[in-house]
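*Asks:* Given the coordinates of chain A, assemble chains B, C and D onto it according to the supplied hints.
Protein chains: 4
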Amino acid sequence: MINYPDILHNIQLEINKVSERGQVARYIPELSKIDPHKFGMHIIDANRNEFSVGDSEEAFSIQSISKVLSLSQAIGLIGEELWTRVDVEPSGDPFNHLSLLEQENGIPRNPLINAGAIVVADILVSKLKNPKEDFLTYIQDISGDKSINFDADVAASEKETGFRNYAAANLLKSYGNLHNDVDTVLDFYFHQCSLALNCKQLTKLFFVFMNRGKCLQNNTYLTTSQVKRINALMLTCGFYDEAGEFAFEVGLPGKSGVGGGIVALLPNNYCVATWSPGLNKKGNSKLGMLALEMLTTATKQSIF
Amino acid sequence: MINYPDILHNIQLEINKVSERGQVARYIPELSKIDPHKFGMHIIDANRNEFSVGDSEEAFSIQSISKVLSLSQAIGLIGEELWTRVDVEPSGDPFNHLSLLEQENGIPRNPLINAGAIVVADILVSKLKNPKEDFLTYIQDISGDKSINFDADVAASEKETGFRNYAAANLLKSYGNLHNDVDTVLDFYFHQCSLALNCKQLTKLFFVFMNRGKCLQNNTYLTTSQVKRINALMLTCGFYDEAGEFAFEVGLPGKSGVGGGIVALLPNNYCVATWSPGLNKKGNSKLGMLALEMLTTATKQSIF
Amino acid sequence: MINYPDILHNIQLEINKVSERGQVARYIPELSKIDPHKFGMHIIDANRNEFSVGDSEEAFSIQSISKVLSLSQAIGLIGEELWTRVDVEPSGDPFNHLSLLEQENGIPRNPLINAGAIVVADILVSKLKNPKEDFLTYIQDISGDKSINFDADVAASEKETGFRNYAAANLLKSYGNLHNDVDTVLDFYFHQCSLALNCKQLTKLFFVFMNRGKCLQNNTYLTTSQVKRINALMLTCGFYDEAGEFAFEVGLPGKSGVGGGIVALLPNNYCVATWSPGLNKKGNSKLGMLALEMLTTATKQSIF
Amino acid sequence: MINYPDILHNIQLEINKVSERGQVARYIPELSKIDPHKFGMHIIDANRNEFSVGDSEEAFSIQSISKVLSLSQAIGLIGEELWTRVDVEPSGDPFNHLSLLEQENGIPRNPLINAGAIVVADILVSKLKNPKEDFLTYIQDISGDKSINFDADVAASEKETGFRNYAAANLLKSYGNLHNDVDTVLDFYFHQCSLALNCKQLTKLFFVFMNRGKCLQNNTYLTTSQVKRINALMLTCGFYDEAGEFAFEVGLPGKSGVGGGIVALLPNNYCVATWSPGLNKKGNSKLGMLALEMLTTATKQSIF
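Chains as they are written, first to last, in UniProt numbering: chain A, 1 to 304; chain B, 1 to 304; chain C, 1 to 304; chain D, 1 to 304.
Chain A extracted, bound-state conformation (with noise of 0.2 Å):
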């Protein structure tokens, strides 16, 4: 039996003691106010089990998180439709995104980096009556909890000042593949990566994903040849280009957000989020990243 309190709160001890913790998310003026000092971490298995530690209650901005989720509703609308429009492969190179959808015609390397995400939020602005109320319908029913909502001023915030996702989407229109006006995509986009939840709830909302597809309420969202390669692409583009890295080192599908948090799962064992909004060259949590490693050496667990 693994005993989840103890390792808990032995991370804690651990994160405590490190003093360089990242540098707090600037591009988004909103994010750059969070106090770097932060740290939670919530874990729930496969039997509703739930153990956390620190600040795992406090709300935090999902940010690219979110693209998991925009991509799971957008599998659930058009199925395998969906792979013309955006690859599955890792993006590999740090810099280039907007070369990269030069050099593939417009077609982006996955639904996990921005470009891709981009196309996701396309075909629900395209799919859905209302987008914005349905993704956010979408997700409270997933997590249960009705109480989840956006963050209008991280979403102004980012609207202000999103210039390279105005540039991606307007790069995506010149190759035809953005079918919606870019400020209408983007308007839904901002508000879906501003969603504000806190570490419970996230492993709430990705329990669908450890679970093969049925939710915490046992309802049925995804197929598990859906959930397969949901969490596939978690893996080997969830991470920026630290994907790798972090497959190497925590060996979990997961998903990192620029907002400091980040959600791994093991299938059908257990789902975890950890909070902390420092950040490292990369832009995935050091803190964050430092926890799961520390979870998987002492589980000794991982997909591989």
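Don't take every hint at face value.
Subject to a maximum C-alpha distance of 25 Å in a straight line, what follows is the list of computed PhoX-like cross-link-like pairs (lysine-lysine) [to be verified]:
(1) C/Lys33 <-> C/Lys282
(2) A/Lys300 <-> A/Lys17
(3) D/Lys132 <-> D/Lys146
(4) C/Lys17 <-> C/Lys282
(5) D/Lys300 <-> B/Lys214
(6) B/Lys38 <-> B/Lys281
(7) C/Lys38 <-> C/Lys17
(8) D/Lys282 <-> D/Lys38
(9) D/Lys214 <-> D/Lys127
(10) A/Lys159 <-> A/Lys129
(11) C/Lys300 <-> A/Lys214
(12) D/Lys38 <-> D/Lys17
(13) D/Lys281 <-> D/Lys33
(14) C/Lys214 <-> A/Lys300
(15) A/Lys281 <-> A/Lys38
(16) D/Lys159 <-> C/Lys159
(17) A/Lys159 <-> B/Lys159
(18) B/Lys300 <-> D/Lys214
FYI, nobody ran anything at the bench for these hints, they're computed from the structure. This one's a predicted model, so the numbers in the text were calculated from it and none came from an experiment.
*Replies:* The following block gives chains B, C and D in isolation, referenced to the frame of chain A:
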């Protein structure tokens, strides 16, 4: 003595024989309507003698040719400071202008690729009181022709479909290399590109670069050193990724536009403009390139 | 209980129906002689039960599959130090392994692309007394099969035509990331790639990676953590620029070779090898990929 | 009338004041031994008047400057056919010559980058009876100086450390764009680059490119059109990724070498050579560039 009338006559005979005239630009809807059989050519020499053949007095959209003029006006306004925001090297690669921008931290390779010309447009928007009007006046003054004007339909057409330019401008903005807002700068840029001139007018405009900075009316616009630099840029960067080929085959500084126009010059000797709307695969006028090759072969003169 | 015999039988029936079998590798002359209609598949489970179908006992050139084994031996010899000379990220781009090497100062992206495997070969050449013999012994010991050997003709054939590997090795040397001389390292590398095994032997060899570091004979070769890392690398980097696709469709760590072999494994469950010489455009066995997809679809098991 | 003696005198005064002289090339061990304080400059005009200053009669390794001469000899031997194996466009990027080669299927961007010059060397090896001897004779004949010779120590030094050139040659070979074997071609290439000349000899050698194809002894080596093309290539590609800068600041066709030499010319006017061993970050002679800028500023002459 060079017999320009005979040379032009022979060039037209040869051009008429060519059946494969290239592809009229399609990405700007207004431009796709032009008759591909148009051909005009006009020469003005250092003594202001003029020679022409074909449709040399029919106006067309000069598009990228305008980049030399906005550069010229910007150099006049801020001088060497301009080179802190844009480099002077050929771009080399055909497809990855945006990727180069990412690799080089938002400093465009040179002022004659789109990204570079957008930075130059940004400078003019910052420095001119009434940017569009003042730029138009500059053009009218240098050429001594008050009838030159923007083509509002072409500008509007490009505004609706210029997603790649919106991508470039937003990417520049993300690097802090665009000081005004994207829409304002691109409105100026699309107008600048929409300038409608005929071959005759183009040679009168570019006379200033052939004549060491003095325009047809003998007013001085640029120093000898500034003219040297602008001509050097035309030679190394004036024909997209076919600049080497043009230098190699023709051997004159020049600039092409997707409207099918090309202007070129032999310093202190003559200035020449051609117009044929069909483009080769690299985006330069197919028959214009051929006509200029025939011209320098017949005259046995080039800068080399 | 999973009925492997039935599953294998059904896979062979499906495979037999496929007329388009891909292209046998041509760049190594010896390999181009292989009959494209060969097909074999072998499974060994955690209880050492074995199941097979087709040409599963006919030896073929394992080529890049050998990279996992040289990596494994090198990790055993120098441990974590290896990661100072080679990274662990997917390479992303299909075409530009050498360009990545230039951009990243001679540190190959991962040990499963050619440049990375050449660095690993260099390590073995430095550390082993009789590199080729000692590596062969290592293979024979892990698999418990003394009959395994190099194919001298294949090694010689690659030596004569492996200009791209000579290019990579010289580039590594120019960055100081090759300590022995180019010819010595490549002689080792070409021999390593020439190893001739059949599907049955391959599964016995890779049993060690499925079985947490213990080989069929119950000797321990690697720690759990080392196995996790090697399996993670196979998943993220084992199929050239189709690694994402393989993770997405099959969901197992694995490695392919241009000889048409693929080996894959579900940790603690089974190890499987397929052989079909025809390759798809990305250089992976066309029917091998298909057979493994059918296997994980039928068993409903994957690491995700 | 231009007063060359005064101009050269003033340039030397300025050069003497500069304390930061750049870095002597280190990657060829023999070159790293050169005294960084050397400076020489020599001019020959169209009337064969000569002017010099400093160490203008001390020989140095001309390195890449030799690429213009091998190109010239190859054009004389096979004419336009050469352009099927090498392109005429600037390479643009500083770091990725090999990656460009991969992207462009083994056709080097131009004959003045290493990969292109290696293809030209391959052509000479194929076409000349005694390649090294015949090339040397060609150099001696054009310059009218039988004392010019290879520097065997420099050639040997480069052979031992030229791994990047071995990489390029092998990559060319993998694309079928090298017809002879790698070692033979590189032996020729390293000798060609090791040619030892002083500034005075260099100007006599390049007189042929300034004088429309006729050498100092009035023998015709090239047609006017061939000279135009070679000069155009020097202008657009002669200074690595600083070609644009050189055209922009100096405005003359020219070629630099890592031995610290630069040769440049104003067609029909003069040919000039400089030597200062310290290089700038782009690999061009720091003070040589400065001296040539001062020369064209003082003479107010350039091709533009």
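*Asks:* All hints are to be evaluated individually against the structure, with a verdict given for each.
*Replies:* Verification of the supplied hints:
1. For the hint linking lysine 33 of chain C to lysine 282 of chain C, the alpha-carbon distance of about 20 Å falls within 25 Å, and the restraint holds.
2. A threshold of 25 Å between alpha carbons decides the hint, and for lysine 300 of chain A with lysine 17 of chain A the separation of about 23 Å falls inside it, so the pair holds.
3. Restraint check for lysine 132 of chain D and lysine 146 of chain D: the C-alpha separation of about 15 Å stays at or below 25 Å, so the hint holds.
4. Under the criterion of a C-alpha separation no larger than 25 Å, the hint pairing lysine 17 of chain C with lysine 282 of chain C is consistent with the structure, at around 22 Å.
5. Restraint check: the Cα-Cα separation between lysine 300 of chain D and lysine 214 of chain B comes to about 16 Å, which is no more than 25 Å; the hinted pair holds.
6. Simply put, lysine 38 of chain B and lysine 281 of chain B have alpha-carbon atoms about 19 Å apart, close enough for the 25 Å limit, and the pair holds.
7. Taken as a hint, the lysine 38 of chain C and lysine 17 of chain C pair is honoured in the structure, with Cα atoms around 13 Å apart against an allowance of 25 Å.
8. Between lysine 282 of chain D and lysine 38 of chain D the CA atoms are separated by roughly 20 Å; this keeps the pair inside 25 Å, and the hint holds.
9. With a C-alpha separation of about 23 Å, the suggested pairing of lysine 214 of chain D with lysine 127 of chain D holds against the 25 Å cut-off.
10. Restraint check: the Cα-Cα separation between lysine 159 of chain A and lysine 129 of chain A comes to about 22 Å, which is no more than 25 Å; the hinted pair holds.
11. As the CA atoms of lysine 300 of chain C and lysine 214 of chain A are separated by approximately 16 Å, the hinted pair is consistent with the 25 Å bound.
12. Restraint check for lysine 38 of chain D and lysine 17 of chain D: satisfied, since their Cα atoms lie roughly 13 Å apart, inside the 25 Å limit.
13. Taken as a hint, the lysine 281 of chain D and lysine 33 of chain D pair is honoured in the structure, with Cα atoms around 19 Å apart against an allowance of 25 Å.
14. A distance of roughly 16 Å separates the Cα atoms of lysine 214 of chain C and lysine 300 of chain A; the hinted pair therefore holds under the 25 Å criterion.
15. With a C-alpha separation of about 19 Å, the suggested pairing of lysine 281 of chain A with lysine 38 of chain A holds against the 25 Å cut-off.
16. Using a Cα cut-off of 25 Å, the hinted pair lysine 159 of chain D and lysine 159 of chain C holds, with the two alpha carbons roughly 21 Å apart.
17. Of the pairs offered as hints, the one joining lysine 159 of chain A and lysine 159 of chain B holds, with about 21 Å between alpha carbons and a cut-off of 25 Å not exceeded.
18. Of the supplied pair hints, the one linking lysine 300 of chain B and lysine 214 of chain D holds, its CA atoms being roughly 16 Å apart against a limit of 25 Å.
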